[in-house]
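*Asks:* Take a look at the letters that make up each chain.
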Amino acid sequence: MNNTQAILKSEPKWLEELRNQGTQDYKTLPVPTAKDENWRFASLFSTEAAEFKPSSEPSSQSKDLCLKQSQLLDQSSAESIYLDDHLIKKTSLSDDLKAKGVLYLSIQEAIDEHPDLLKKYFLKQSTELGSEKYFGLHASHVKAGSILYVPKGVEIEDSIINYYWTDTEKGLICPHTLIIAEAHSKISTIDVFNSLSDSNQAMSISVSNIYAHETAHVFRKVIQNFNTKTVSFQLDTTIAEKDTSVKNLALNLGSAKARFENQVKINGSGAHVKMYSLTVAEDQQEFDQRTFQTHNAPNSVSDLLYKNALFDTSRTIFSGLIQVAEGAQQTDAYQTNRNLLLDPRADANSLPGLEILANDVKCSHGATTGNIDPEELFYLLSRGISHRVAMQLIVLGFFEEIIDELDSESLINTIRTLLETKFSAKLS
Amino acid sequence: MSDSTLNEQEESILVDNEKGNFSFPEDYQFDAGTGLSKETIAYISSVKNEAEWVKEFRLKALELFEKKPMPTHWASSDLENIVFDNIRYYLSKGQKPSRTWEEVPDDVKETFERLGIPEQERKFLAGVEAQFDSEAAYSRMKEDLEKEGVIFVGSSEGLEKYPEIFKPYFGKVIPSADNKFSALNSAVFSGGSFIYVPKGVKLKQPLQAYFRINAENFGQFERTLIIADEGAELTYMEGCTAPKFETATLHSAVVELVALKNAKIQYITVQNWSNNVFNLVTKRAHAEENAEVKWIDCNIGSRLTMKYPGVVLKGRKARGEVLSIALANDGQHQDTGAKMVHLADETTSNIISKSISIGEGRSTYRGQVHMPKHLKSCKNNTECDALLINSNSRTDTYPAITTRGDANTVQHEASVSKVSAEQIFYMMQRGLSEGEAMSLAVNGFVNDLLKAFPMEYSVELKRLIDMEMEGSVG
Amino acid sequence: MHSLEIKNLNVSIEDQPILKDFNLTIPKGEVHALMGPNGTGKSTLAKVIAGHEDYEVTSGSIELDGQSILGNEPDEISQAGLFLAFQYPLEIPGVSIANFIRAAKQSRLEEGNTLDAVAYYKELYEKMDALKIDRKFTSRSLNEGFSGGEKKRCEVLQMSMLEPKYCIMDETDSGLDIDALKIVSEGVNLMRGPDRGFLIITHYQRLLDYIIPDVVHVMFDGRIVHSGNAQLAHELEAKGYDWVKETFASPTVQ
Chain A
3 MNNTQAILKS EPKWLEELRN QGTQDYKTLP VPTAKDENWR FASLFSTEAA EFKPSSEPSS
63 QSKDLCLKQS QLLDQSSAES IYLDDHLIKK TSLSDDLKAK GVLYLSIQEA IDEHPDLLKK
123 YFLKQSTELG SEKYFGLHAS HVKAGSILYV PKGVEIEDSI INYYWTDTEK GLICPHTLII
183 AEAHSKISTI DVFNSLSDSN QAMSISVSNI YAHETAHVFR KVIQNFNTKT VSFQLDTTIA
243 EKDTSVKNLA LNLGSAKARF ENQVKINGSG AHVKMYSLTV AEDQQEFDQR TFQTHNAPNS
303 VSDLLYKNAL FDTSRTIFSG LIQVAEGAQQ TDAYQTNRNL LLDPRADANS LPGLEILAND
363 VKCSHGATTG NIDPEELFYL LSRGISHRVA MQLIVLGFFE EIIDELDSES LINTIRTLLE
423 TKFSAKLS
Chain B
39 MSDSTLNEQE ESILVDNEKG NFSFPEDYQF DAGTGLSKET IAYISSVKNE AEWVKEFRLK
99 ALELFEKKPM PTHWASSDLE NIVFDNIRYY LSKGQKPSRT WEEVPDDVKE TFERLGIPEQ
159 ERKFLAGVEA QFDSEAAYSR MKEDLEKEGV IFVGSSEGLE KYPEIFKPYF GKVIPSADNK
219 FSALNSAVFS GGSFIYVPKG VKLKQPLQAY FRINAENFGQ FERTLIIADE GAELTYMEGC
279 TAPKFETATL HSAVVELVAL KNAKIQYITV QNWSNNVFNL VTKRAHAEEN AEVKWIDCNI
339 GSRLTMKYPG VVLKGRKARG EVLSIALAND GQHQDTGAKM VHLADETTSN IISKSISIGE
399 GRSTYRGQVH MPKHLKSCKN NTECDALLIN SNSRTDTYPA ITTRGDANTV QHEASVSKVS
459 AEQIFYMMQR GLSEGEAMSL AVNGFVNDLL KAFPMEYSVE LKRLIDMEME GSVG
Chain C
87 MHSLEIKNLN VSIEDQPILK DFNLTIPKGE VHALMGPNGT GKSTLAKVIA GHEDYEVTSG
147 SIELDGQSIL GNEPDEISQA GLFLAFQYPL EIPGVSIANF IRAAKQSRLE EGNTLDAVAY
207 YKELYEKMDA LKIDRKFTSR SLNEGFSGGE KKRCEVLQMS MLEPKYCIMD ETDSGLDIDA
267 LKIVSEGVNL MRGPDRGFLI ITHYQRLLDY IIPDVVHVMF DGRIVHSGNA QLAHELEAKG
327 YDWVKETFAS PTVQ
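Residue numbers (this note's numbering), protein chains in the order written: chain A, 3 to 430; chain B, 39 to 512; chain C, 87 to 340.
Everything labelled a hint here was simulated from the structure, so no lab data went into it.
None of these values were measured; they are calculated from a predicted model.
Any given hint could be a false lead.
Quick look at which bits of chain A chain B covers, simulated, 3 or more residues with Cβ under 8 Å [as the list claims (entries may be wrong)]: (1) 38 to 45; (2) 337 to 348; (3) 369 to 375.
What follows is a list of derived Cβ distance ranges for each label pair [to be verified]: (4) B:Asp486 with A:Lys172: 54 to 62 Å; (5) C:Pro103 with B:Glu421: 37 to 45 Å; (6) A:Ser78 with C:Gly157: 52 to 60 Å; (7) B:Asp444 with A:Glu39: 28 to 36 Å; (8) A:Arg347 with C:Leu195: 32 to 40 Å; (9) A:His389 with C:Asp215: 29 to 37 Å; (10) A:His389 with C:Gly279: 26 to 34 Å; (11) A:Lys126 with B:Glu508: 46 to 54 Å; (12) A:Arg347 with B:Ser115: 34 to 42 Å; (13) B:Glu421 with A:Gln332: 19 to 27 Å; (14) B:Lys237 with C:Ser313: 50 to 58 Å; (15) A:Lys37 with C:Glu196: 54 to 62 Å; (16) C:Pro103 with B:Glu198: 55 to 63 Å.
Sample of chain C residues with no beta-carbon within 10 Å of chain A, all distances over it, derived [what the hints assert, rightly or not]: (17) Glu100; (18) Gly152; (19) Ser154; (20) Asp202; (21) Tyr206; (22) Lys208; (23) Lys251; (24) Asn315; (25) Leu318; (26) His320.
Built from N, CA and C at the ideal position, the CB exists for glycine as well.
Assemble the whole structure, with the sequences as input and the hints as a guide.
*Replies:* Quick look at the structure:
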């Protein structure tokens, strides 16, 4: 890895220092091993992160293709499209939202126009779930990303969509999403991770930091659908203050190996946080999910539901921890992991954890793993539904409670179609 | 059962914090001194007049112990406070275990009398072994069992007299290298029970062992191996106490169970260590085809207990169960759990763990359920419930579940609760004190598990829980 | 030809014989009731006809309008025109009633054809109204959280939507209160006709007050031991199943 240098134009001193720190961390922190509790059951990365390099400006042909395929929804408040970490398109917010003070900036724009905002929030939340080394790599390289600032009382109707594409063999991308939602604001965003080709092996180390200030409403959706050669890290944090409502929903379909770390810190009372994940694992894919629900304040709710369907010889690891700090009374914290094994060779691991230091709490976790109930299947078959369709119905039904949480009908349809296509190829 | 017999039983029973808090002046013929080295092992081995292979087994284990790091990357850092150089690894009065209580030295006899052991033996036990520090002072089994070929002896006697029976399994269920403390036990083990129940023999009454630490700075390392031959059945119970010393004491046992085809073993532990004992125990069973192993475990007391009884389900339709109650009071950490390894089709396992944390007590559940191969129709059910009494009490749950295969189902559920103010109010309105109400609620919380213990134990456990609850409210 | 015909059927589970040389013919247009004490093999018969794989058929035949269905997959048997109303309908999380029945109807169309959604919903709502099933049920997950009566009504709804040639109703009356029983019976009676045969499996005569059978069979120990008209059900109710046991327990009686 090269010594850190300024990657964007006129980077301030503090950013240079953060980049140096990142380089330092990446160099000095040990490569994780399966002996680390945070990496238990994970099969280790056979690929050296150092093999992956940032890519040069993509061809106009690739850009065109990329733009054509970046059409998740007809309606959005604004969109950014990055290809190999190069910004190829950014639509701007409506004049109305601009007038209300909403900011939707690339990192470069933030450096140039809102350095104080950037300094206050950018790269301030690392992960605590094992990939600190890779957060370092992200910090030293990050240049693609969106900073969304929603001022007090502003509600944004349509989603803001960030597309992050890869297209280069051994390409490294470090997408970054930063959301700052002020009091009484409301915002919904979608991050889409995708590969332009089926064949390039890429590495993505994405970071997302959400700051939900008092009473803010934030709903972030992530669709990870990289090609099955790509290695993906997704290092997400949320800080939820008093009376906030935060919802995270992840759809995990792609990558050879996808490591997903998602930490929510509840620092104020009255917060209500939901964490959902839907994963379809096939072939030799490995989805490694680590979650952390920290309750530092009383009277808040967090609810997690991670559902995995496993085909072929795929693997999933769910390792979650609910931590209720001393004094965080009247906490309601839940954690549920359900795994549906669709092939006897698939391998589901579940490590649901609790650390509770307050007694007046409602905390529970549940983990189940099983196959499709043959009696359920018989019931569907006995109505004349074919084996293939019956299996599809059951698997889609398994995910329905998560799909149901999506707030847009067209997104729901898009996701259903995506899943149906996947299952119809799988279930025959 | 009438009230009078109930009361009688309540009085007679063994384990009691206060009852256990006494010790006799030391008067040992054999003392391996302080600290651990090859010489310590040579000394233990020569006192026991052991076969060469046993000595070699010990020395190899010592090497493993020295090599292995403390498991503090996942376990409590309190382990760092064990000073192995300050521990006395072998203390005995040199006697062979007596067959009658009359022959037992007076101070030892009085110890066990105060703990109620001889009385229990008369009442409901098929055999008793009473260990005082490193060696058994008393060991006896009903004669008819001897005639049926049941063997119930200490570890030294077992290895010396019946190597053909015990050697094939000794150190095989739990290899010395399993963990740092199994290595330590393998190096310095002394005492414990070696039991063999022949084919088809079903013991109607339990066998019991009682482990007593008397000397300060002492480490107790009993070793137990129980083999139930095809179709055999037995229940084994162990109780443990130690006086309250100024300095920490170490108890590190290894317990291996082997249930051959169609055999059933039920292993019951009631531990009530004083709160400066490090209790680091490795327990595991092999269950062959259609065999059943049940660990029923109650952990009260100690400073730090680390214990995760396991069953390796090796044969088709084997069943494993762990039922455990843990109670952690101020300054205590009960780090307990269970391990179920499914290695054959149609194996089932069940884990029910209930913990109570009082004051600053901390209880931790660690579990492992493993269905690593392409098995069919295996089932696991795990339930962990934690009750937190005070606002600064703590509980943790760390299960690890791996599932593969066809028509397997694994289900894990955990919950955390407290005794609600409304419940307490309701009971107080009926005239109970707050403490009584709390005790009642706690007993209710563990009630269904208490039923798994023999009557004589469950009555006592209820009383122990009441004692622990004293002063927890108000 | 126009009948559901079961001949000399022998079925066992784990080498335990359940059905022993079982014979039954249900011509189109007729309603047959099958009564008998618990454990005589009534539900086994229903599941075997529907193609459940847990049962081992050692000999015999099952023909639907002259076509053998024995050994066919459950979906093929369903599409051939057989409907089984389950005693314990399964809960299918996340699959709504509307989607479920739609998939079942779609499966009956030739490849390339799609169901007319408007006509489908019109029919669905009409039939739901007839069975007094609230329309908001359409989007609820199949049988999930339904009461016993709701589950059974949902079975009859599926039956009427799929328009089978032969219907087997396995203890449909169990768990129903009197109002639900009437609704379910009306639903069934509406479907009676010359082109459809019914086999009503029940433990009690109660249901047969509402669905008057043409023939009543008494089953005991894996075979039909006695048949008669609707009056037989009343006789059974009066004498109790002990009478059946006493009368037919001897293997010489056939």
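*Asks:* For every hint, state whether the structure bears it out.
*Replies:* Verification of the supplied hints:
1. 38 to 45: Three-residue rule met by the region 38 to 45 of chain A, so holds; n is 4.
2. 337 to 348: Coverage by chain B holds here, the residue count being 5 at a Cβ distance below 8 Å.
3. 369 to 375: holds (count 5)
4. B:Asp486 with A:Lys172: 54 to 62 Å: At roughly 59 Å between Cβ atoms, Lys172 of chain A and Asp486 of chain B fall inside 54 to 62 Å, so the hint holds.
5. C:Pro103 with B:Glu421: 37 to 45 Å: Cβ of Pro103 of chain C to Cβ of Glu421 of chain B: about 39 Å, so the range 37 to 45 Å holds.
6. A:Ser78 with C:Gly157: 52 to 60 Å: Since the Cβ atoms of Ser78 of chain A and Gly157 of chain C sit about 55 Å apart, the hinted range of 52 to 60 Å holds.
7. B:Asp444 with A:Glu39: 28 to 36 Å: holds, 30 Å
8. A:Arg347 with C:Leu195: 32 to 40 Å: For Leu195 of chain C against Arg347 of chain A, whose Cβ atoms are near 35 Å apart, the range 32 to 40 Å holds.
9. A:His389 with C:Asp215: 29 to 37 Å: holds, 33 Å
10. A:His389 with C:Gly279: 26 to 34 Å: Taking Cβ atoms as reference, His389 of chain A and Gly279 of chain C lie about 32 Å apart, which means the hint holds.
11. A:Lys126 with B:Glu508: 46 to 54 Å: Given range 46 to 54 Å: holds, Cβ gap about 49 Å.
12. A:Arg347 with B:Ser115: 34 to 42 Å: holds, 40 Å
13. B:Glu421 with A:Gln332: 19 to 27 Å: At 24 Å between Cβs, range holds.
14. B:Lys237 with C:Ser313: 50 to 58 Å: holds, 55 Å
15. A:Lys37 with C:Glu196: 54 to 62 Å: Between Lys37 of chain A and Glu196 of chain C, where Cβ atoms are some 59 Å apart, the hint holds.
16. C:Pro103 with B:Glu198: 55 to 63 Å: This hint holds: roughly 57 Å between Cβ atoms.
17. Glu100: holds, 16 Å
18. Gly152: holds, 20 Å
19. Ser154: holds, 18 Å
20. Asp202: holds, 18 Å
21. Tyr206: Non-interface label on Tyr206 of chain C holds, nearest chain A Cβ at 15 Å vs cutoff 10 Å.
22. Lys208: Lys208 of chain C clear of chain A: closest Cβ-Cβ about 20 Å, beyond 10 Å.
23. Lys251: Fine: 12 Å to the nearest Cβ keeps Lys251 of chain C off the interface.
24. Asn315: Fine: 30 Å to the nearest Cβ keeps Asn315 of chain C off the interface.
25. Leu318: At roughly 29 Å from the nearest Cβ of chain A, Leu318 of chain C sits farther out than 10 Å, so the non-interface label holds.
26. His320: Given that every Cβ of chain A is farther than 10 Å from that of His320 of chain C, nearest at about 32 Å, it holds.
Violated hints are absent here; each numbered hint is respected by the structure.
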